[in-house]
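Trainee: Sequence:
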Amino acid sequence: SITKGGNIRAFYLTLDTPELLYMLGDGVESDETAPETTVSDARFHAETDDLEVWEGESVLRYPFPNPVEYYYYRSPRQYMGAIHYTIRSL
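The numbering used here puts the sequence shown at residues 1 to 90.
It should be emphasised that the hints constitute simulated quantities derived from the structure, not laboratory data. Take the hints with a grain of salt, since some may be wrong.
Unchecked claim - If you anchor each label on the Cβ, the simulated ranges turn out as follows:
#, residue 1, residue 2, range
1, Arg88, Val68, 37 to 47 Å
2, Pro65, Ser89, 39 to 49 Å
3, Val68, Ser89, 46 to 56 Å
4, Ser89, Val59, 36 to 46 Å
Note that the Cβ used here is the ideal one computed from N, Cα and C, for glycine as well.
With the sequences and hints as input, model every part of the structure.
Mentor: Structural data, given as structure tokens:
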């Protein structure tokens, strides 16, 4: 649970199948020959009064590959899905 009042939490989603949907984040060039230079955690792409969903990264292999194999990592990416949550009073 997260107490209301400016607390920050981060999480990641993972599947061992290719059904997790995302789209390119803002400012991404689509040239596959050049590494992407836009950082993944610089802006949020969806929000409510209680929640901000920030751009993140995608990993093209499961389990996670060695970080030196940068070609398996893509950023920024925007999650395309639903987040269900409940606001509870203290």
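Trainee: Check each numbered hint against the structure and report the violated ones by number, ascending.
Mentor: none
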